[in-house]
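Undergrad: Protein chains in written order, with our numbering: chain A, 1 to 407; chain B, 1 to 407.
Source of the hints: derived by calculation from the structure; they are not laboratory data.
There may be inaccurate statements among the hints.
Note that the list lumps identical chains together, so a pair holds whenever it fits in one copy or between two copies.
Quick list of in silico lysine to aspartate or glutamate cross-link-like pairs, EDC-like style, CA-CA up to 16 Å [claimed, not checked]:
1. Lys124 x Asp387
2. Lys287 x Asp315
3. Lys339 x Glu54
4. Lys369 x Asp321
5. Lys121 x Glu146
6. Lys121 x Glu144
7. Lys329 x Glu284
8. Lys262 x Asp338
9. Lys189 x Asp405
10. Lys22 x Glu54
11. Lys396 x Glu238
12. Lys61 x Glu89
13. Lys61 x Asp19
14. Lys396 x Asp184
15. Lys105 x Glu144
16. Lys193 x Glu146
17. Lys262 x Asp387
18. Lys3 x Glu30
19. Lys124 x Glu237
20. Lys389 x Asp338
21. Lys389 x Asp373
22. Lys369 x Glu393
23. Lys325 x Glu146
Protein chains: 2
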Amino acid sequence: MKKHIIVQKFGGSSVANVDRIKTVAKRIFETKTKNNNVVVVVSALGDTTDELEELAFNITKNPSEREMDMLMSTGEQISCALLAMAVKELGHDAISFTGNQVGIKTDSSHTKARIETICGKRIKAALKQNKIVIVAGFQGVSDEDEITTLGRGGSDLTAVALAVALKANVCEIFTDVKGIYTTDPRVVKQARKIQNITFDEMLEMASLGAQVMQARSIEVAKRFNIPIHVRSSFSKEEGTMIVKKDEKLEEISVRGVTSNKKESKITICSVPDQPGIAAQIFTEISKSGANVDIIVQNVSHTKLTDISFTIPTSDFNKALDATTKIAKKIRAGEILTDKNISRISIVGSGMRSHHGIAAKMFQALAKNKINIDMISTSEISISCIIDQKQTDEAVKILHKAFQLDKI
Amino acid sequence: MKKHIIVQKFGGSSVANVDRIKTVAKRIFETKTKNNNVVVVVSALGDTTDELEELAFNITKNPSEREMDMLMSTGEQISCALLAMAVKELGHDAISFTGNQVGIKTDSSHTKARIETICGKRIKAALKQNKIVIVAGFQGVSDEDEITTLGRGGSDLTAVALAVALKANVCEIFTDVKGIYTTDPRVVKQARKIQNITFDEMLEMASLGAQVMQARSIEVAKRFNIPIHVRSSFSKEEGTMIVKKDEKLEEISVRGVTSNKKESKITICSVPDQPGIAAQIFTEISKSGANVDIIVQNVSHTKLTDISFTIPTSDFNKALDATTKIAKKIRAGEILTDKNISRISIVGSGMRSHHGIAAKMFQALAKNKINIDMISTSEISISCIIDQKQTDEAVKILHKAFQLDKI
Numbered sequence: 001m002k003k004h005i006i007v008q009k010f011g012g013s014s015v016a017n018v019d020r021i022k023t024v025a026k027r028i029f030e031t032k033t034k035n036n037n038v039v040v041v042v043s044a045l046g047d048t049t050d051e052l053e054e055l056a057f058n059i060t061k062n063p064s065e066r067e068m069d070m071l072m073s074t075g076e077q078i079s080c081a082l083l084a085m086a087v088k089e090l091g092h093d094a095i096s097f098t099g100n101q102v103g104i105k106t107d108s109s110h111t112k113a114r115i116e117t118i119c120g121k122r123i124k125a126a127l128k129q130n131k132i133v134i135v136a137g138f139q140g141v142s143d144e145d146e147i148t149t150l151g152r153g154g155s156d157l158t159a160v161a162l163a164v165a166l167k168a169n170v171c172e173i174f175t176d177v178k179g180i181y182t183t184d185p186r187v188v189k190q191a192r193k194i195q196n197i198t199f200d201e202m203l204e205m206a207s208l209g210a211q212v213m214q215a216r217s218i219e220v221a222k223r224f225n226i227p228i229h230v231r232s233s234f235s236k237e238e239g240t241m242i243v244k245k246d247e248k249l250e251e252i253s254v255r256g257v258t259s260n261k262k263e264s265k266i267t268i269c270s271v272p273d274q275p276g277i278a279a280q281i282f283t284e285i286s287k288s289g290a291n292v293d294i295i296v297q298n299v300s301h302t303k304l305t306d307i308s309f310t311i312p313t314s315d316f317n318k319a320l321d322a323t324t325k326i327a328k329k330i331r332a333g334e335i336l337t338d339k340n341i342s343r344i345s346i347v348g349s350g351m352r353s354h355h356g357i358a359a360k361m362f363q364a365l366a367k368n369k370i371n372i373d374m375i376s377t378s379e380i381s382i383s384c385i386i387d388q389k390q391t392d393e394a395v396k397i398l399h400k401a402f403q404l405d406k407i
Numbered sequence: 001m002k003k004h005i006i007v008q009k010f011g012g013s014s015v016a017n018v019d020r021i022k023t024v025a026k027r028i029f030e031t032k033t034k035n036n037n038v039v040v041v042v043s044a045l046g047d048t049t050d051e052l053e054e055l056a057f058n059i060t061k062n063p064s065e066r067e068m069d070m071l072m073s074t075g076e077q078i079s080c081a082l083l084a085m086a087v088k089e090l091g092h093d094a095i096s097f098t099g100n101q102v103g104i105k106t107d108s109s110h111t112k113a114r115i116e117t118i119c120g121k122r123i124k125a126a127l128k129q130n131k132i133v134i135v136a137g138f139q140g141v142s143d144e145d146e147i148t149t150l151g152r153g154g155s156d157l158t159a160v161a162l163a164v165a166l167k168a169n170v171c172e173i174f175t176d177v178k179g180i181y182t183t184d185p186r187v188v189k190q191a192r193k194i195q196n197i198t199f200d201e202m203l204e205m206a207s208l209g210a211q212v213m214q215a216r217s218i219e220v221a222k223r224f225n226i227p228i229h230v231r232s233s234f235s236k237e238e239g240t241m242i243v244k245k246d247e248k249l250e251e252i253s254v255r256g257v258t259s260n261k262k263e264s265k266i267t268i269c270s271v272p273d274q275p276g277i278a279a280q281i282f283t284e285i286s287k288s289g290a291n292v293d294i295i296v297q298n299v300s301h302t303k304l305t306d307i308s309f310t311i312p313t314s315d316f317n318k319a320l321d322a323t324t325k326i327a328k329k330i331r332a333g334e335i336l337t338d339k340n341i342s343r344i345s346i347v348g349s350g351m352r353s354h355h356g357i358a359a360k361m362f363q364a365l366a367k368n369k370i371n372i373d374m375i376s377t378s379e380i381s382i383s384c385i386i387d388q389k390q391t392d393e394a395v396k397i398l399h400k401a402f403q404l405d406k407i
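With these hints in hand, go ahead and build the complete structure from the sequences.
TA: Have a look at this one:
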């Protein structure tokens, strides 16, 4: 029987101390003994990344990105060497590699590099020697032989990209939760672990507030059709499979509920209703670097209209500056702002073929006196902007209305 | 005027924290502004090396040397990135490099690799762009693209080897003492800093107990005639120049006094006085891995003789095991041991041409009732084994007898 190739990724909390490193080593060892080829990707130990960052910022407020990559990449080099030692201690041969050593070639955008190619020759050779291979996550090397890092969620990306390069059967992402949930279990105690979810649904959930995996890695997995298994480092239980298509897809119209409290709203009143005005406004705001999310413009019967939009609260100040500037230029009226909003969303590929999902969502909210301020829809999600105080209540209502506690 | 190339090496205590890193950066910056090309070699921050080692030994008692190199090399990568940031913060362009990036090619002896070649292309290119270059000490890369480390004193070796490769004018070793002293200033308060010392004298002093620099780096500097300047990180004062030949060499017969309390003595009594017996004994002891230092065999008038030798106390147990074994085999008599000995030595190239130095040493000790147990001489040094309790007293006596407080 041809051996399976399994890529396993362990995050920083899974290797936060010596005991956890030993536990992870056992887990890897068990996977290996089931006649698999195992390639492991590991993040930096617990707080290492924060500690290194603090050192840098104590030296300069504005560290060179090239030197930051030189510095930060050591975190993963440390953890992969220690993990290799721990596996060898269990009696199985293992070898650690830096991103450079396995030929993870990236562009030169330091601190946020993009993977271009993966050679993987050394990994294949080590697997042939029956070794467990442990690769430093989050890092690569540019054509100029500079060490680069991949930015937030970089170790997930390393894992998925290696799975692609090695034609792995599955990429397992080990984390401190048991999988993807129908909604945040800290908010709704009836939240259920989802067994299967499609790449598209997962992408939508990630962009709407679910924080388990970055959209970037899921996009790569989707493109190359690498199944991802999100599961717990601390339990043997199966987690959530992220796959191309779920066999039961037709039956489930809503897969999960997400919420995001970190949005703010800006409204420009009395905008002259002329062609090209919206383009002018949002060009200016985009130049400021703020990411506009939902935009609502009411159909107007006069020559003036109101335009509202939401942005991440972290972009609020720059968005407001840009808005003030452009509003003056186009002779619009007052500017209203609201930081006390939330976005709640339902996500599910089944929506495409099921009618009445939106109506059901709005009714459930209305029945519970939750006012909807703005609405935004995609092919597989519906989002509403509501009063921030009602966020958790709204999540509970929707979770129940779509019977997510019963899947 | 052609720019000088200066290689500066800073040890772990010089970069123990953020403030010291900033101080070192200023020092480097000042050297650069004097129209020099500056290449800096840096050790790991203060205790980093110990901390990483502890992590490894908490995971396994017997870590793979290959993985240890992977782990330990991160210490210097961290400090060189931070130092580059600190220099840039002062307004001068700087760039850090790993051993791999500057092509420090070594053999594959992990944890104690030997440098084979240095490419230095990237360093020269960076110097041409007027950058201050900062290189991670202690590390290299093997032909198999494995990270290697150079063992104890490795960063000194990196500095000297880079000085050779770049044809530097001088290699400055910054440390926490002001230079090489006529003897240990903690023992003799009249100890003087030596202005100039030859490579041979320094090698002899290093092997006889002076701990400022490892013999390994001095040997390389001697071979390629790279002057070394040993000086303090915390003071602007000139330190000690280690050079091929001191102009004033003829006048000074004794350059310094060293002592070493970490030696032990083993005596085999009643050894049959036959040709080949000594060879048999010391072959056995050398096989045990113990480094024999001084050997004394008395001329015998009977058919039996006593053989005494000293070894580092750290080798005592294995040397005693081997001795017991061989003594039995050759039917020798009793074995006596003494851990309470010391070696005191005087070192100086001038000895070659000055008569009576040994006599003067023995007289000074005798006058002060210090009994000499064994004697060993080289071309430029004389060592005596004495009672350990009298070590410091003996050092003081010799320091005064040879007027080292008056140079």
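Undergrad: Please go over all the hints and tell whether each is borne out by the structure.
TA: Hints versus structure:
no.: 1; hint: Lys124 x Asp387; verdict: neither (54 Å within a copy, 62 Å between copies)
no.: 2; hint: Lys287 x Asp315; verdict: within (12 Å within a copy, 71 Å between copies)
no.: 3; hint: Lys339 x Glu54; verdict: neither (30 Å within a copy, 49 Å between copies)
no.: 4; hint: Lys369 x Asp321; verdict: neither (34 Å within a copy, 88 Å between copies)
no.: 5; hint: Lys121 x Glu146; verdict: between (20 Å within a copy, 14 Å between copies)
no.: 6; hint: Lys121 x Glu144; verdict: between (20 Å within a copy, 13 Å between copies)
no.: 7; hint: Lys329 x Glu284; verdict: within (11 Å within a copy, 94 Å between copies)
no.: 8; hint: Lys262 x Asp338; verdict: within (12 Å within a copy, 75 Å between copies)
no.: 9; hint: Lys189 x Asp405; verdict: within (9 Å within a copy, 81 Å between copies)
no.: 10; hint: Lys22 x Glu54; verdict: between (28 Å within a copy, 15 Å between copies)
no.: 11; hint: Lys396 x Glu238; verdict: neither (25 Å within a copy, 74 Å between copies)
no.: 12; hint: Lys61 x Glu89; verdict: between (42 Å within a copy, 9 Å between copies)
no.: 13; hint: Lys61 x Asp19; verdict: between (35 Å within a copy, 15 Å between copies)
no.: 14; hint: Lys396 x Asp184; verdict: within (10 Å within a copy, 75 Å between copies)
no.: 15; hint: Lys105 x Glu144; verdict: within (10 Å within a copy, 19 Å between copies)
no.: 16; hint: Lys193 x Glu146; verdict: neither (42 Å within a copy, 43 Å between copies)
no.: 17; hint: Lys262 x Asp387; verdict: within (12 Å within a copy, 76 Å between copies)
no.: 18; hint: Lys3 x Glu30; verdict: within (15 Å within a copy, 60 Å between copies)
no.: 19; hint: Lys124 x Glu237; verdict: neither (29 Å within a copy, 56 Å between copies)
no.: 20; hint: Lys389 x Asp338; verdict: within (13 Å within a copy, 81 Å between copies)
no.: 21; hint: Lys389 x Asp373; verdict: within (13 Å within a copy, 89 Å between copies)
no.: 22; hint: Lys369 x Glu393; verdict: within (11 Å within a copy, 93 Å between copies)
no.: 23; hint: Lys325 x Glu146; verdict: neither (41 Å within a copy, 56 Å between copies)
The structure fails to meet hints 1, 3, 4, 11, 16, 19, 23 from the earlier list, while all remaining hints are met.
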